[in-house]
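*Asks:* Use these hints to put chain B with the ligands onto chain A, whose structure you have.
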Amino acid sequence: MTTRHFGAPVRRNEDATLLTGQATFVADVRLESMLHAAVLRADVAHGVLGAVDTSAARRMPGIVAVFTAEDLGEQWAPFPLLVPPPPIAGLTFNTATHVPLARDRVRHVGEPIAVVVATDRYLAEDALAEIVVEVEPLPVVADIEGALSADATLLHPHLGSNLAAHAVQQKGDYEHAYSRADHVVSRRFVYDRGTSVALETRGVVASWDAQSSELTVWDTTQAPIPIRNALAARFGLLESQVRVIAPFIGGGFGPKVMFYPEEVLIPWISMRLGRPVRWIEDRQEAFFATTQERGQVHEAELALASNGTILGARDVFLHDTGAYAPYGLTVPINTQCTLLGPYRVPAYYSEFRVVFTNRPIVTPIRGAGRQHGVFVMERLLDFAARDLGLDPVEIRRRNYLRPDEFPHNHQIYFQDSAPLRYDSGNYLPALEKAADMIGYAEFGARKSRARSEGRRLGVGIVSYVEGTGIGPYEGVRITVDPSGRVRLATGVGTQGQGHFTSFAQIAADHLGVAVEDVMVSTGDTRHFGWGTGTFASRGAVVVGSACEGAARAVRRKILALAGELLEVAEDDLRLAGGRVHVAGIPERGFDLGELAVRANPLRGAVKPGTEPGLEATSYFAPDMGSTASGVHAMVVEVDAETGFVDILEYAVVHDCGRVINPMIVEGQVQGGVAQGIGNAFYEHLDFDEEGQLLNASLMDYLIPTATVMPKIEVAHMETPSPLNPLGVKGVGEAGAIPVAAAFAQAVEDALSDAGVEIREIPLSPERVFELIQRADAEEGP
Amino acid sequence: MQIAVTVNGRLHERSVEPRRLLCDFLRDDLGLTGTRVGCEHGACGSCTILVDGESARSCLMFAVQADGAELTTVEGLAPDGGLHPLQAAFREAHGLQCGFCTPGILMTMLPFLDENPDPDEAEIRTALSGNLCRCTGYQNIVKAVLIAAGVATNGESSQ
Ligand code: FES
Ligand code: FES
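Residue numbers (our numbering), protein chains in the order written: chain A, 1 to 781; chain B, 1 to 159.
Treat the hints as calculated values from the structure; they're not laboratory data. Source: prediction; values computed, not measured. Hints may contain errors.
What the hints assert, rightly or not - Pair ranges (Cβ atoms, derived):
hint, chain 1, residue 1, chain 2, residue 2, range
1, B, E70, A, R446, 40 to 48 Å
2, B, P111, A, L694, 34 to 42 Å
3, A, D209, B, E13, 49 to 57 Å
4, B, R14, A, T24, 56 to 64 Å
5, B, T126, A, D591, 50 to 58 Å
6, B, R14, A, S483, 34 to 42 Å
7, A, P9, B, H41, 35 to 43 Å
8, B, Q65, A, P9, 41 to 49 Å
To be verified - Anything over 12 Å on all C-beta distances counts as not near chain B; from chain A, calculated:
hint, residue
9, G250
10, S417
11, P586
12, E611
13, Y650
14, P720
Stated by the list, open to error - Listed below are several chain B residues computed to face chain A (Cβ distance under 8 Å; list not exhaustive):
hint, residue
15, T6
16, N8
17, G9
18, R10
19, H12
20, C44
21, D80
22, L83
23, P85
24, R91
25, F100
26, C101
27, L128
28, C135
29, V142
All residues carry an ideal CB built from backbone N, CA and C; glycine is no exception.
Chain A extracted, bound-state conformation (with noise of 0.2 Å):
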């Protein structure tokens, strides 16, 4: 096989489509007498819920329904758990999931109280105001650390206790390795609430067919598939009853991966009026009604010897998982995971506990806790290297897992409830390369130089690793149309990731046609029906492969059709443009779409054991995730008068395994790092003592910009995955992961000479300012 395609910046599909603006979003989704939805939400934290009035509001002009938690009925229920947790000894594990709509009890800002339904989404919006609802105030647990003290009210009174879950893993023994280090670091650290403004809102477009007996759905989620089953199982429909369709979804980034309650809502609605509805979330109800994540605090230790060797870790953590836990554990565990890098860390104690809040719900936001980890493990280590008189480049060094030590098993349980194990990786190589690439080793000149002209340059390098492309597992259909083109039918969702154009790479290699005759499609319950969704940076890996396992099928049956047609053996013939033909003799073969009309036969019988059509389904499901690893490495320019941070300089070097297409790839991992820039130091949820957001507009929360965001060197390093046949691993979430951490660090070494220390995320110039401040004050006149 040649492989032309797979490893090749190869051009999207799906650009033309997106360019002239003729892509389907689910807000572009417009059906005969479609009605449509608003939503009334809490404007208080906490509080009973009285009475809920709508009677007003369903006098008004236009309205055609209002819906409230009493009129669900039957489908009142609080939802399922969406993933259950690890089987850890001794975890306590107390589920409270959200409900469609709140009864009794409200728990955030922005819990769906009602739903009105207008002929038109102004009159929608004008009727909310009309709905009055009778709130008895409750006190806010407004703050992660309060939520555990003695007085703090209950949020979910029936569990006795603000703790959703209490975890404790550990490997080797932590208190030996400390009795018997040479040196302790231990510090306290801070990562508070961000979000992920995925440029488009979510929405939710649900028709009923009555005549048809089904229910279509377009969802801007990234798994549709979970969500069909999850609708049938409710209303009492048969899977094939109901259609789920992601279409083309304007950024994903983890928060639609849900079951939101709109999701429930607003098909459950069309199927009681009998038309469509539509309801797209605006701008300021996302601040709100879309999952966020980031909040916990840290009280971390590491133990080393004194040339730098880490003999343990202890990391004793609180993790805010907002009013509602509905996504089990997967954000603090990834957190406790991913703390141990690709350092060798042979004593591990990792403790945490998940708290409520009457905070907006949290759920992964790409990276999905692992940058919490790799900001603690990376500061201890900057802290150890300080205290130790080493470089904080030596001191990694020193500690990397070698290339010999894979596969490693650290001996702890993973997010997808496999253990912790890491495949394979090389990471010095890729330490060495970053430094090259930020000019570390001149570094130290240019600082002073720099200084000598009143500037403060500082350099930051860290490293992280990203366990990705875990199970259970996805699929993918292969047809060879009589056309000629192929069509690849894959189950998840796509937000932008490039699925259209690496997925057909794939198929394209082994079929011998052109990448823009592959004809993807993803995210469709109709076009395929079983798999989970993209998530934790699987797309590549897991549907990846299973596209490498259709293909090789759908060859298959290519060479054995023709090779009985035109009596030649197998290896005689060539698949290529298109066609399969003789070895040598390019006339003498067949196109493929005449070839996939010869395998449906109109005369006589499919014989025995054979199927018709050129077509295969393969699936894939991985035992466990592949290890992507990398280190980031950037230049920063502090202002020490106004706190500014300018980054002058970034450079990624990254080991995602084997690259499919580096031009997506690189893409990936640049919007990655404008999100962890804007993690660190522009976006921050702003939230009071009462639990109201004070910044919920994207005129008081900072996404970065062009002006804000450098040009970022990217190089690629290929350590293959054995756990496909790809030997490819994720690279979704890479880019974001790592930012916060060497962030910190640049800024730390442009402020040297101020002393200034940063155990907490995110910054702001005012906040850098304030730090300045606080060490001039402590280090006196």
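*Replies:* The following block gives chain B with the ligands in isolation, referenced to the frame of chain A:
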């Protein structure tokens, strides 16, 4: 209210409510859904169109304010079904991922390039600063604009 607007060269006469946003009018009344809505408060730029040749945010205008105006939306960039050179440059440079911000960015860059046929990277970044993109980190968008301006080809990494 009765309005008459020309969109992508075609005249539309409609009656609209005074409070109807121009973006909703384009998307829902005329079915031109290529103009995307990311915030409805003028912050993201994804709803940008041309109003009498100038970039404007269609979520910050009422449809009635467009009465008598000539509008161009992304659907009007390459009416023949192909790609406008700017669109082709975005494909060439991988200047889009989810593509949600893209129509607004194209409609911002179009008049920018008319006025600045030979921009440098810093000028492009400034011109882009009112358009949010959450996927790309902007690097390849800048590259696409440089390609469209003829300042770079994809082969050279000139930005
Ligand atoms: S939708 Fe108009 S600027 Fe965001
Ligand atoms: S490409 Fe997704 S927001 Fe720009």
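*Asks:* Does the hinted range 50 to 58 Å hold for B:T126 and A:D591 at CB?
*Replies:* This hint holds: roughly 52 Å between Cβ atoms.
*Asks:* For the pair B:P111 and A:L694, does the Cβ-Cβ distance stay inside 34 to 42 Å?
*Replies:* holds, 36 Å
*Asks:* Using the beta carbons of A:P9 and B:H41, state whether their distance is inside 35 to 43 Å or not.
*Replies:* With Cβ atoms ~37 Å apart, the hint holds.
*Asks:* When the nearest CB of chain A is found for B:R91, is that gap smaller than 8 Å?
*Replies:* holds, 4 Å
*Asks:* Quick one, is the B:C44 hint okay against chain A at 8 Å, beta carbons?
*Replies:* holds, 6 Å
*Asks:* Starting from the hint 49 to 57 Å, judge whether the C-beta atoms of A:D209 and B:E13 obey it.
*Replies:* violated, 34 Å
*Asks:* Was the hint right that B:L128 lines chain A, CB cutoff 8 Å?
*Replies:* Because about 4 Å separates B:L128 from the closest Cβ in chain A, which is inside the 8 Å limit, the hint holds.
*Asks:* Closest CB-CB distance from A:P586 to chain B, is it above 12 Å?
*Replies:* Given a closest Cβ separation of 31 Å, the condition holds.
*Asks:* Does the closest beta carbon of chain A sit nearer than 8 Å to the beta carbon of B:C101?
*Replies:* This interface hint holds because 5 Å falls under the 8 Å limit.
*Asks:* Min Cβ distance, B:T6 to chain A: is it shorter than 8 Å?
*Replies:* violated, 18 Å
*Asks:* Hint validation: B:C135 versus chain A, beta carbon distance must be below 8 Å. Holds or violated?
*Replies:* holds, 5 Å
*Asks:* Is the interface hint satisfied for B:V142? The criterion is a beta-carbon contact with chain A at less than 8 Å.
*Replies:* holds, 7 Å
Hints 1, 3, 4, 9, 13, 15, 16, 17, 18, 19, 21 and 23 from the list above are not met by this structure, while the remaining hints are.
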